[in-house]
Amino acid sequence: MSLFDLIILGGGHAGIEAAYCSSQFGLKVAIITLPNIGLASAPCNPSIGGIGKGQVVKEIDALGGLMGILADYAGIQYRTLNESKGLAVQSTRIQIDKELYSKHAEEIIGKISNITVLRKKVMKISKEENTFKVACDEEKVFYSKKLIVTAGTFLGGKLHCGNSINIGGRIDQPASDTVNSLFDFNIKTTKRFKTGTPARIDKNSINFSKVEEQPSDDSVRNMHLWHNSSRFSKQVSCFLTRTNSKTLELIRINKDKSPMYNGQITAVGARYCPSIEDKAYRYPDKDIHHVFLEPEGLDLDSFYPSGISTSLPKDIQESFIRTIDGLENAQILKHGYAVEYDVMDTSHLTLSLEHKTVPGLYFAGQINGTSGYEEAAGQGLVAGFNAGLSLLSLERLILNRNQSYIGLMIDDLVSSDRDEPYRLFTARSENRLFLREDNAFLRMYHYRKLLNLHTNHDFMLEKINFEYELCKNWLNSLQSDGNWKIWLNSINYVQNDVPPKDILKDPNLDPRHILKNILEFFNIEFSSDVIVSVAIDTKYQGYIDKALEQFESMQKLENKKLSLDKLLQSKNVSFECKQRIKKFEPKTFGQLQRLAGIRPATLAVVASDAL
Amino acid sequence: MGPLTNTASNYLNLLNNEDIIIACATPSSGPMGISIIRISGLFDVNQFNSMIKISGPMGPLKPRKSTMIHVLDPNTSLSLDTGLATYFPAPNSFTGESVMELSLHGNPRLIEKIIDLFIVFYNLRHAEPGEFTLRAYKNKKLNLSQVEGLDLLLHATTQPLIELSQYMLSGELQNEFFNFKLCFDNHQASIDILTDFSEDIGEETGFNNLFKSWNQIKEYVTDFYNRSLVPMDHLIKPNIVLFGPPNAGKSTLFNILLGYKRSLVSTEAGTTRDYIKESFFYDHNEFLLIDTAGIRESDNSLESEGIVFTHKNLRDAFVRVLIFSAINFSSEDFNNFIKLGSPSLIIITHVDKNSVSPLILSNINKLSLKIPVIFVDLLIDSFDKNLFGKIILADLISYYSYKPIVSNRQRIEIIKIYKLMLYYDSLIKSDNGTDMALLSNEFRALRSSANGLIGLVNVDEILGHIFNNFCIGK
Numbered sequence: 000m001s002l003f004d005l006i007i008l009g010g011g012h013a014g015i016e017a018a019y020c021s022s023q024f025g026l027k028v029a030i031i032t033l034p035n036i037g038l039a040s041a042p043c044n045p046s047i048g049g050i051g052k053g054q055v056v057k058e059i060d061a062l063g064g065l066m067g068i069l070a071d072y073a074g075i076q077y078r079t080l081n082e083s084k085g086l087a088v089q090s091t092r093i094q095i096d097k098e099l100y101s102k103h104a105e106e107i108i109g110k111i112s113n114i115t116v117l118r119k120k121v122m123k124i125s126k127e128e129n130t131f132k133v134a135c136d137e138e139k140v141f142y143s144k145k146l147i148v149t150a151g152t153f154l155g156g157k158l159h160c161g162n163s164i165n166i167g168g169r170i171d172q173p174a175s176d177t178v179n180s181l182f183d184f185n186i187k188t189t190k191r192f193k194t195g196t197p198a199r200i201d202k203n204s205i206n207f208s209k210v211e212e213q214p215s216d217d218s219v220r221n222m223h224l225w226h227n228s229s230r231f232s233k234q235v236s237c238f239l240t241r242t243n244s245k246t247l248e249l250i251r252i253n254k255d256k257s258p259m260y261n262g263q264i265t266a267v268g269a270r271y272c273p274s275i276e277d278k279a280y281r282y283p284d285k286d287i288h289h290v291f292l293e294p295e296g297l298d299l300d301s302f303y304p305s306g307i308s309t310s311l312p313k314d315i316q317e318s319f320i321r322t323i324d325g326l327e328n329a330q331i332l333k334h335g336y337a338v339e340y341d342v343m344d345t346s347h348l349t350l351s352l353e354h355k356t357v358p359g360l361y362f363a364g365q366i367n368g369t370s371g372y373e374e375a376a377g378q379g380l381v382a383g384f385n386a387g388l389s390l391l392s393l394e395r396l397i398l399n400r401n402q403s404y405i406g407l408m409i410d411d412l413v414s415s416d417r418d419e420p421y422r423l424f425t426a427r428s429e430n431r432l433f434l435r436e437d438n439a440f441l442r443m444y445h446y447r448k449l450l451n452l453h454t455n456h457d458f459m460l461e462k463i464n465f466e467y468e469l470c471k472n473w474l475n476s477l478q479s480d481g482n483w484k485i486w487l488n489s490i491n492y493v494q495n496d497v498p499p500k501d502i503l504k505d506p507n508l509d510p511r512h513i514l515k516n517i518l519e520f521f522n523i524e525f526s527s528d529v530i531v532s533v534a535i536d537t538k539y540q541g542y543i544d545k546a547l548e549q550f551e552s553m554q555k556l557e558n559k560k561l562s563l564d565k566l567l568q569s570k571n572v573s574f575e576c577k578q579r580i581k582k583f584e585p586k587t588f589g590q591l592q593r594l595a596g597i598r599p600a601t602l603a604v605v606a607s608d609a610l
Numbered sequence: 000m001g002p003l004t005n006t007a008s009n010y011l012n013l014l015n016n017e018d019i020i021i022a023c024a025t026p027s028s029g030p031m032g033i034s035i036i037r038i039s040g041l042f043d044v045n046q047f048n049s050m051i052k053i054s055g056p057m058g059p060l061k062p063r064k065s066t067m068i069h070v071l072d073p074n075t076s077l078s079l080d081t082g083l084a085t086y087f088p089a090p091n092s093f094t095g096e097s098v099m100e101l102s103l104h105g106n107p108r109l110i111e112k113i114i115d116l117f118i119v120f121y122n123l124r125h126a127e128p129g130e131f132t133l134r135a136y137k138n139k140k141l142n143l144s145q146v147e148g149l150d151l152l153l154h155a156t157t158q159p160l161i162e163l164s165q166y167m168l169s170g171e172l173q174n175e176f177f178n179f180k181l182c183f184d185n186h187q188a189s190i191d192i193l194t195d196f197s198e199d200i201g202e203e204t205g206f207n208n209l210f211k212s213w214n215q216i217k218e219y220v221t222d223f224y225n226r227s228l229v230p231m232d233h234l235i236k237p238n239i240v241l242f243g244p245p246n247a248g249k250s251t252l253f254n255i256l257l258g259y260k261r262s263l264v265s266t267e268a269g270t271t272r273d274y275i276k277e278s279f280f281y282d283h284n285e286f287l288l289i290d291t292a293g294i295r296e297s298d299n300s301l302e303s304e305g306i307v308f309t310h311k312n313l314r315d316a317f318v319r320v321l322i323f324s325a326i327n328f329s330s331e332d333f334n335n336f337i338k339l340g341s342p343s344l345i346i347i348t349h350v351d352k353n354s355v356s357p358l359i360l361s362n363i364n365k366l367s368l369k370i371p372v373i374f375v376d377l378l379i380d381s382f383d384k385n386l387f388g389k390i391i392l393a394d395l396i397s398y399y400s401y402k403p404i405v406s407n408r409q410r411i412e413i414i415k416i417y418k419l420m421l422y423y424d425s426l427i428k429s430d431n432g433t434d435m436a437l438l439s440n441e442f443r444a445l446r447s448s449a450n451g452l453i454g455l456v457n458v459d460e461i462l463g464h465i466f467n468n469f470c471i472g473k
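Chains A and B are the protein sequences, given in the same order. Mapping to numbering that gives the first Met the number 0: the first sequence position 197 is 196, numbers consecutive. Mapping to numbering that gives the first Met the number 0: the second sequence position 396 is 395, numbers consecutive.
Don't take each hint at face value.
[As the list claims (entries may be wrong)] Here are the simulated DSS-like pairs of lysine-lysine, each with C-alpha atoms no more than 27 Å apart in a straight line:
id: 1; chain 1: B; residue 1: K140; chain 2: A; residue 2: K577
id: 2; chain 1: A; residue 1: K504; chain 2: B; residue 2: K428
id: 3; chain 1: B; residue 1: K137; chain 2: A; residue 2: K581
id: 4; chain 1: A; residue 1: K545; chain 2: B; residue 2: K428
id: 5; chain 1: A; residue 1: K355; chain 2: A; residue 2: K190
id: 6; chain 1: A; residue 1: K559; chain 2: B; residue 2: K139
id: 7; chain 1: B; residue 1: K140; chain 2: A; residue 2: K555
id: 8; chain 1: B; residue 1: K140; chain 2: B; residue 2: K61
id: 9; chain 1: A; residue 1: K500; chain 2: B; residue 2: K428
id: 10; chain 1: B; residue 1: K236; chain 2: B; residue 2: K276
id: 11; chain 1: A; residue 1: K202; chain 2: A; residue 2: K233
id: 12; chain 1: B; residue 1: K389; chain 2: B; residue 2: K369
id: 13; chain 1: B; residue 1: K415; chain 2: A; residue 2: K545
id: 14; chain 1: B; residue 1: K365; chain 2: B; residue 2: K389
id: 15; chain 1: A; residue 1: K581; chain 2: B; residue 2: K139
id: 16; chain 1: B; residue 1: K137; chain 2: A; residue 2: K577
id: 17; chain 1: B; residue 1: K418; chain 2: A; residue 2: K504
id: 18; chain 1: B; residue 1: K338; chain 2: B; residue 2: K276
id: 19; chain 1: B; residue 1: K236; chain 2: B; residue 2: K389
id: 20; chain 1: A; residue 1: K586; chain 2: B; residue 2: K139
id: 21; chain 1: A; residue 1: K504; chain 2: B; residue 2: K415
id: 22; chain 1: A; residue 1: K555; chain 2: B; residue 2: K415
id: 23; chain 1: B; residue 1: K217; chain 2: A; residue 2: K545
id: 24; chain 1: A; residue 1: K565; chain 2: B; residue 2: K137
id: 25; chain 1: A; residue 1: K565; chain 2: B; residue 2: K140
Read the hints as simulated data drawn from the structure, not as lab findings. Just so it is clear, the structure is predicted and the values come from calculations on it, not from any experiment.
All chains should be modelled from the sequences, with the hints used to inform the complete structure.
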């Protein structure tokens, strides 16, 4: 009998992260994944990071996860997004060579002796007392004490491209059974979501003279904390082009052929990751939309045109793509499609992503209704560590929503039922001045310490946090004495009595350069990672404290209990509001406030009533 | 403040209280034609059968229909009074609870006795000031600005103010606030889109949306702010101050305006040393008319003190009326008084209307602002009270043309929002790129103030302040 401590179903971004993390406890771990798909494949956009998501990758990295390392190994174009919008909301995005990414994932996971990768199709999952029984094809059966399901879009997957419907998890992959027939015990309600991907274009057919080049930025820091600034792969460019009125007109006149708009797909897609059909029909006055042309790999001919995901029939895809500048002669390698799939109702999960009524069973990744590799990996990490901690009877790892995007995401997922795919972005955070990439090592430090692991990573993490404290203390103790005045003079600063800490708050100066400059003057050395995060933390400290204070006082109203009966009977609540309230059954004022489509009048009524 | 004044926490307790309350809703200081007793709570109308007997064969009380009844003494079953009862079953009533109103003969002692019998016999409780309105608010029959409108309606002394209070009571002001709130949602969305999705929509569009939505908010805030600037005392209790040199005839005019001799009048200058105020009525508006000590250099300490009061009254006045005598007219004095009081109306006394001296006319024509002038003859008896009233009322109405915001709570919130707006405006226009996270943080502060304005806050702190002002029975 093959008994594992932990079996992970799925070898995607959530699955490998769960395996990589849980294996650090020395447990016997297995990944069961479909044959013919490499680990950590990238079926949609070939990039890691982005706004909010870059922060997640750095949190994963600081917590001892894998994603940052893989992104660096496979990175072929680096960018910092939001560079002109302040230091807090900047994020790194790395275009990856998807073949390299998967290859490195296979290599790293393959080298870990306590992880077994099983290429099987899962047929049935049952529970015998406290053990999960996973029955696979070829009559193989595996047992485990804990089970993490990271099935992505494969459960009940259904593909749409024009009027053709195929059963499958991805374009060339079969689907698994539906959630309800896969488990022979009740995991409660599931629902259907939808996502989509654009056509892939042959790079030899792109007219690069008509598109804007966006080269890789060499100054961007690598994702992994302990990687220096050098690149692991050859760097290439991405390209920007735009749709025009002809493109949108074609899409609009073929509305009846779009599975999403003719009723063929009933599942809900993400508002924040709209298909080109969504854009065309929702914003009838807007014809110009950005299209980013992103290479999928150094040795691949295919380009990913970001921004035009579609499920229109193949011939229409072809003709609308060819209206776009630079794509007049585009050859399509693979057509775009939409996929409908089963997702878990995450309100049945705890903050450690364990099922509330089936102990030992965890869910992570796209099956939880999220979109994005980073979101998936973040959940894989939380599920992996927690399954491990639970096996060792240790305290669970719960990330606070005010200290991490991962914690924010999981809190959002389990505290309310979502009716569309969940994507992370900075606006979801009440504390975005603090949840930055540069201080991820600081924010994640005490969480990593709780795991009580003593790896090289832990040693390095302790060291950088020690340096951070040292640097901060030094800055705090710096007197505005003669030396300080000399330095101020050296940069020709107008105000010659500004204290050392306050100069970092000057909105006209970049605090990172100033602190570096000060340290050089006083002949003190710190790593640039430490300097950057001390500088930015000092700049924002007052604001962060104020924001948290406001947050606390808002919590008072936020946590007010609601009476559903009263709300639904109230004459002062509109019919539409009542419909949404009935559906989501918000229990607190905060949850009500976060529901889309609740009118301010309703909130006012509730706020004044909820005494 | 009497013993019935409640603190905010008392009102919080009252909010959770489910007693049946009773009070007289009409003035009870003396005999009246009718007094109305109001009862509110969750009751069954039949439970009062021992005290309320329907006169004649009309069956039980019908909702919202007046029925003739006898009020009985439950101890003796003898009739105490005959009147009308109207029953409003919950939730279709002022308070949202069941309400009964008894219209009885307006003898204060009789009404007291009937209320006491209800309290003792049915275990009712005497209502606290504003408690009926508090229940209406609690049961969402009124929102916060409607409650404030109701308060104003009960206390307003002029027609324009009554009109304004109806505007608040109808909920239209609250609608303005809600529309204002929607602009905040728009701007927040534009911040978030620019931060999180600028690759999707493009930087330029993102920034355009940011500024467009911000300008909308600025327009609202500036408008609310200007509407809050009107000195409120003037609107709630407009006072008219008569001022001028001694012996110009201020007290004589004062008495004529009142219609009776209230101020001592003599030919001796400096007779009025204190100030006297009385209500002056014109076209269903009540003003406070103030007669002041004539302003001059004086050795008399009592008179000097009176002159100090005059200056204070002038500062606090809504309308300043300069009374100036044509006798021994001095251009220098006249212009000094204009400067001192910037009057809205000038009355020249002791003048023959048919032959006003050229000196006076030229002085009036030289005034930089056009100020209405009334000439009064030697006896002052021919003074046109209506013309005076018309000019004062026109002045008052001009203040209302742009719907001033008169609730103290709202004004405080709006001034807070205005200050935050100015600060935020400097951030959003910063030349050194826009720090979106910082912007968003500061906007949150602004937003929570806006929530305060429409009552989207913990109302604990403001309850006492608002409801204290109400009389018992409302």
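Now for the hints, and whether the structure bears them out:
For the proposed pair B:K140 and A:K577, the alpha carbon gap of about 18 Å is at most 27 Å, so the pair holds. For the given pair, A:K504 sits about 18 Å from B:K428 by alpha-carbon distance, which is consistent with the 27 Å threshold. Taken as a hint, the B:K137 and A:K581 pair is honoured in the structure, with Cα atoms around 23 Å apart against an allowance of 27 Å. Distance restraint check for A:K545 and B:K428: the Cα-Cα separation of roughly 22 Å lies within the 27 Å cut-off, and the hinted pair is therefore satisfied.
As the CA atoms of A:K355 and A:K190 are separated by approximately 18 Å, the hinted pair is consistent with the 27 Å bound. At roughly 18 Å between alpha-carbon atoms, A:K559 and B:K139 fall within 27 Å of each other, so this suggested pair holds. Restraint check for B:K140 and A:K555: the C-alpha separation of about 25 Å stays at or below 27 Å, so the hint holds. The hinted pair formed by B:K140 and B:K61 meets the criterion: a straight-line CA distance of about 22 Å does not exceed 27 Å.
Proposed proximity of A:K500 and B:K428 is supported: the alpha carbons are some 25 Å apart, at most 27 Å. For the proposed pair B:K236 and B:K276, the alpha carbon gap of about 12 Å is at most 27 Å, so the pair holds. Between the alpha carbons of A:K202 and A:K233 the distance comes to roughly 17 Å, so the proposed pair stays at or under 27 Å and holds. The suggested pairing of B:K389 with B:K369 holds, with an alpha-carbon distance near 16 Å, which does not exceed 27 Å.
Proposed proximity of B:K415 and A:K545 is supported: the alpha carbons are some 17 Å apart, at most 27 Å. With a C-alpha separation of about 24 Å, the suggested pairing of B:K365 with B:K389 holds against the 27 Å cut-off. With a C-alpha separation of about 20 Å, the suggested pair A:K581 and B:K139 falls inside the 27 Å cut-off, and the hint holds. Between the alpha carbons of B:K137 and A:K577 the distance comes to roughly 20 Å, so the proposed pair stays at or under 27 Å and holds.
At most 27 Å may separate the alpha-carbon atoms for a hinted pair to count; B:K418 and A:K504 meet this at roughly 22 Å. Taken as a hint, the B:K338 and B:K276 pair is honoured in the structure, with Cα atoms around 24 Å apart against an allowance of 27 Å. A C-alpha spacing of about 17 Å is found between B:K236 and B:K389, which places the hinted pair at or below 27 Å, so the restraint holds. A threshold of 27 Å between alpha carbons decides the hint, and for A:K586 with B:K139 the separation of about 20 Å falls inside it, so the pair holds.
Taking the CA atoms of A:K504 and B:K415, the gap is about 25 Å. The hint holds against a cut of 27 Å. For the hint linking A:K555 to B:K415, the alpha-carbon distance of about 22 Å falls within 27 Å, and the restraint holds. Taking the CA atoms of B:K217 and A:K545, the gap is about 24 Å. The hint holds against a cut of 27 Å. With a C-alpha separation of about 12 Å, the suggested pair A:K565 and B:K137 falls inside the 27 Å cut-off, and the hint holds.
Annotation: proposed proximity of A:K565 to B:K140 holds, straight-line Cα distance about 14 Å (limit 27 Å).
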